[in-house]
Amino acid sequence: MKLMIVDDSNIIRKKIERSTEIEGLEVVATAGNGVEALEQFPKVRPDIVTMDLTMPEMGGIECVEKMVEMDPNVVILVISALSDKATAIEALKKGANGFLCKPFSEQELNRAFRELLGEATNG
Amino acid sequence: MSAMKSGKYNAIVLSIALFIVFDAGVLVMNFYIADQFARDAVQVNLAGRQRTLSQRLIKALLQTDNALGSGNFIETPLNELKAGYRTFDTTLNAFNKGGTITGVDGESVSIEAFSDTRSRRLLTDTLETWLPLQEALQPMLAFDSKIERSAELIMTDEGANLESDLFHAIMVASKDNRDNRLLKLTNDLAVHLEYESARRATRLRIIQVTGIGLALINFFVILFHLIRNLNKYDAMIEIAKKETDDILETVTEGLFLLDSEYRIGSQHSAALQDIFRRENLAGVNLIELLRGIVPETTLNVARDYISLYFGGRVNENLVDDLNPLNEVEVHFAGDGSQFQTRYLGFQFRRVLVDQELSHLLVTVNDITARAALERELQVSRARSTAQLDMLMDILHIEPEVLTDFLCGSERSLGKINSILKRSAMGVEVYRAKLDQIFREIHAVKGEASALGLNSVVGLAHDIEDLITDVQERPTISGGDFLPLTIKLDVLLGHIQSVRELVARLVDFRLVFDRSKIAEVADDQRAAPRTDMSALLHNLTERIAEEQGKRVNLHCVGLEGKHVPEMYRGPVKDMAIQFIRNGVTHGIEGPEDRLVANKGQVGRIAMKFVPLGDGNFEFSYRDDGRGLDMDLIRNTAVDKGFVSADQIEAMEDRAVMALIFKRGFSTSTEVSSDAGRGVGMDVIRNLVNELSGRVRVSTARGEFTQFKVTLPAIPRDMDQAA
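Chains as they are written, first to last, in this note's numbering: chain A, 2 to 124; chain B, 723 to 1443.
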C-alpha cells in the first residue's frame, strides 16, 4: 500500500511519516502544496493520501477534486484543524473519505488509516 | 423473516398441489366412469337385443314355414329369419371373442369378450344351446329362389327341400324346449349384465364420492392451515410491532430514520416530539424543522454534512468530529417573546439493507444539562485555578492581616456602592463620583499590592483603567457606570472567594489542631488585629525589590492595638501611600546612595504616637533624595495646575502643597505603585475626612518627612470602637 503525504508543514509531514505503523503501508511521496502533489500523483499512484486543506498555491479542496478525477479509487484522509468545519465538509463532498482533526496522536492517525484501509480491502 | 416466509409458502404450495392431485383424480375417475357406463350400456343393450332376437328367430322360422304351407309369399319372413340369425350369431361371437359389430342404434360398436365367470358360463350355455339350431338354420340361410310365390315353389324340389329343412329346424328348436332355454339364457345374460353394470356403477360412485370427499377435506385442511398460519404470523407481527412501539415509546432519545431527501420516517420515538416540541413529525423535512431554531449557517453546513453519509465515499467512523449538530444550541419560542435555549446532540448512522444504503438512523438527545454542566465545569476550573493562585498568594500572609484586608476591602466596596447609589446628574457630579470611587479602589489596590495579592491587584488595576478611560471622555453619562459596576461586582466576588478560602483554611487548621479550637474561636470573635507593620514591611520589601533598591522600614506604634480602631484603616492607607511614594520617588538606588555618601540601604521610619493633648501624630520620614522642587514646579506647569508665571511667584511651601493635588505625578510611567497621579491626594482626602492636618518638610538629598496630626477621638466613639 502506497501512502502520499500532502501538508505545507514540514513538522506535520515528518510526524505523519514517523507515526505510520501500519504494516505494508509505505510513504512513497510527500508534497508541500496541491500543485506539487498533483505533479507527483500520476507518477507514484498512491493508494492513500493524507491531505492538508490550507496550503499555498493550491489548497486541499481543489487537490482532492483533481486526484479523485485522476483515480476514483484513491482513498483520501483530510487532516486539518477543526476551526473551519465547512471547508473540511466541502473536501469530503469532493471525494475525500475521512477526516482527522489536528492536533492528532499517533493512535488516532493509525486508527484512521486502519478504518480507511479496512474499508478499501473489504470493498 | 425470510425463512419464516418460505416456510409459510411451502405449506400452502404443498396443500394446493394435493388439492390439484385430488381434483385431477376425481376428474379422471369421472371420465373412466363415464366410459365404463357407456360400455356397460352397450353390452346391456346388446344382451337385451339377443333376448328379443332369440324369440324373433323362432317366430320368423314358424312364419316362413306357415307361409310356405299356406301358399303365401315367404320372402319377408325368410329375410327376417336371415337378418335375425346374422345379428344374433355375430353378437354372440363378439360376446365370446370380442370384435366390432353393429349396435342397437345401427352404429358400429367395439366390444370386448366377456371375462367374468358368470357371464362366461351363461355364454357357454347359450352357445351350446344355440349350436344345433345354428346348424339346422343353415339351409334357410343359403336358400335363394327366383320363384316368389310359395304355391309354385312348393311344387318344386327346391320348395320340398325347404319345407323339410324348415320342419327339421322347427323340430330342433322345439326339442327339449330349446327355444325357451335359449330365451331364458339370453334373458339371464341380459339380467346379469344389468346387475354387473349396476354393481360397477355403485363401486365407481363410491370411489368418486371418496375422491371428492378427500379433495374437500384437503381444501378444508388448506383453509385451516392457512388461517392458522395467518393468525400465527399476524400475532408475530403484532408482537414485533408492539415491541417496536414499546421501544419507541420508552426510549429517551429521539430516534428516527432519515431518507436522502432529509425526510423523517413514519416511525419515530415519542421522545422526538418532546425534544422538538411538536407532533406529526413523520415525513417532515429535518432541515425545515431546524430552520429558525438553529442559525442558518449551521443549517447549511449540517445539510452538507448529512449529504456526506448518502454519498457513499465517506467512512462514517471518521467524520464524527465534523458533525455541526453534535452539540447545537437551539432556541424554541416560549411564552410571548421569550425564547428558551436548549442544547441538542445529533448522531447519524448509515442503515444498510442488503449492502445498499437505505436510510440514516438519527439519534437526538437533549444535552442541555450536560452542556450546562460542561460550562459550569469550565468556570469552576478557571475559578479553581484562580483560587490556587490566590492560595499561593495568601499562604505567606498573616491570617489577621489578611482578615483585616478583607474587611477593609469590603468596607471600601460598600462605600463605592453607596457612592454609586447616590442620585446625581451632570457631568461634574459624575466626575466627582468617579474620583471618589477611584480613590477607594486605589486604596484597595495598594493594600493588596502590599500583601502580594496579585489577583486582587490585577482586578483593581482594571477598574482604575476603566475609570481613567471614562474620565478622559469629553462627556459622561449614567450609562458609563454600567461596565464599572460589573467590574466592581467581579472584584467583590473575588474578595469573597478569598474569604471563603480563608474560612476553609481555618477549617483545615481546626482538623489538624483541635487543641487550638478555642483559640481560633477567640481569634474569630476578636476584632481584626491590626499589626499593620507586617503588612508594611512586606510592601516595602516588595516594591524595593521590584525597583532594585534596598530599604529598611522601622515602625513604631503601628503594632498591636496602639492605633485606635477608627484610625486604623486611614492610617494604614496613608502608610501604604507613603511607602509607595517614598520607595518609588524618595529612596535612591544603591549606587546613587553610595555616590551621595549614604549607606546602600535606604531607611524609612514610621511612627504613630499619642500627643499629650489627646491628639495623635502619624509621621513618615525617609532618608532619600528629598522633594525635587524644580521637578514639581515643571510638572505642575506641564499638567496645567498653575501657569508658568504663577509658579515663579510661589514659595517652596506652596509648591510642595501641589503634590497633594489630584492627578499630580512626576512619574512618566504608570505602574501598580506609582504614576497615575493618585496617591498624595488620597492622603489629603483622608486627612480632610478625619479633620486632621498634614505637614511636609524636606531637604534636598537628605530626607522627606510627612507629619499627620489627627484629632483626639471623642469618648463615645472610642467606646464604640
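Please keep in mind that the hints were generated in silico from the structure rather than gathered at the bench. The reader is advised that the hints may include incorrect statements.
Stated by the list, open to error - These stretches of chain A come out as covered by chain B in the derived footprint (C-beta under 8 Å, 3 or more residues):
hint, stretch
1, 19 to 30
2, 34 to 43
3, 89 to 100
Stated by the list, open to error - Below 20 Å or equal to it, Euclidean Cα-Cα: the simulated DMTMM-like pairs (lysine to aspartate or glutamate) are:
hint, chain 1, residue 1, chain 2, residue 2
4, A, K16, B, D1042
5, A, K103, B, D866
6, A, K95, B, D1026
7, B, K1361, B, D1042
8, A, K94, B, E1038
9, A, K3, B, D981
10, A, K67, B, E983
11, A, K95, B, D1157
12, A, K15, B, E983
13, A, K103, B, E983
14, A, K44, A, E63
15, A, K94, B, D1157
Ideal Cβ placement from N, Cα and C applies to all residues, glycine included.
Hint check results:
{"no.": "1", "hint": "19 to 30", "in the structure": "violated (count 0)"}
{"no.": "2", "hint": "34 to 43", "in the structure": "violated (count 0)"}
{"no.": "3", "hint": "89 to 100", "in the structure": "holds (count 10)"}
{"no.": "4", "hint": "K16(A) / D1042(B)", "in the structure": "23 Å, violated"}
{"no.": "5", "hint": "K103(A) / D866(B)", "in the structure": "134 Å, violated"}
{"no.": "6", "hint": "K95(A) / D1026(B)", "in the structure": "11 Å, holds"}
{"no.": "7", "hint": "K1361(B) / D1042(B)", "in the structure": "63 Å, violated"}
{"no.": "8", "hint": "K94(A) / E1038(B)", "in the structure": "13 Å, holds"}
{"no.": "9", "hint": "K3(A) / D981(B)", "in the structure": "36 Å, violated"}
{"no.": "10", "hint": "K67(A) / E983(B)", "in the structure": "28 Å, violated"}
{"no.": "11", "hint": "K95(A) / D1157(B)", "in the structure": "63 Å, violated"}
{"no.": "12", "hint": "K15(A) / E983(B)", "in the structure": "43 Å, violated"}
{"no.": "13", "hint": "K103(A) / E983(B)", "in the structure": "32 Å, violated"}
{"no.": "14", "hint": "K44(A) / E63(A)", "in the structure": "19 Å, holds"}
{"no.": "15", "hint": "K94(A) / D1157(B)", "in the structure": "61 Å, violated"}
Figure legend: structure checked against the earlier numbered hints; hints not met, in rising order: 1, 2, 4, 5, 7, 9, 10, 11, 12, 13 and 15.
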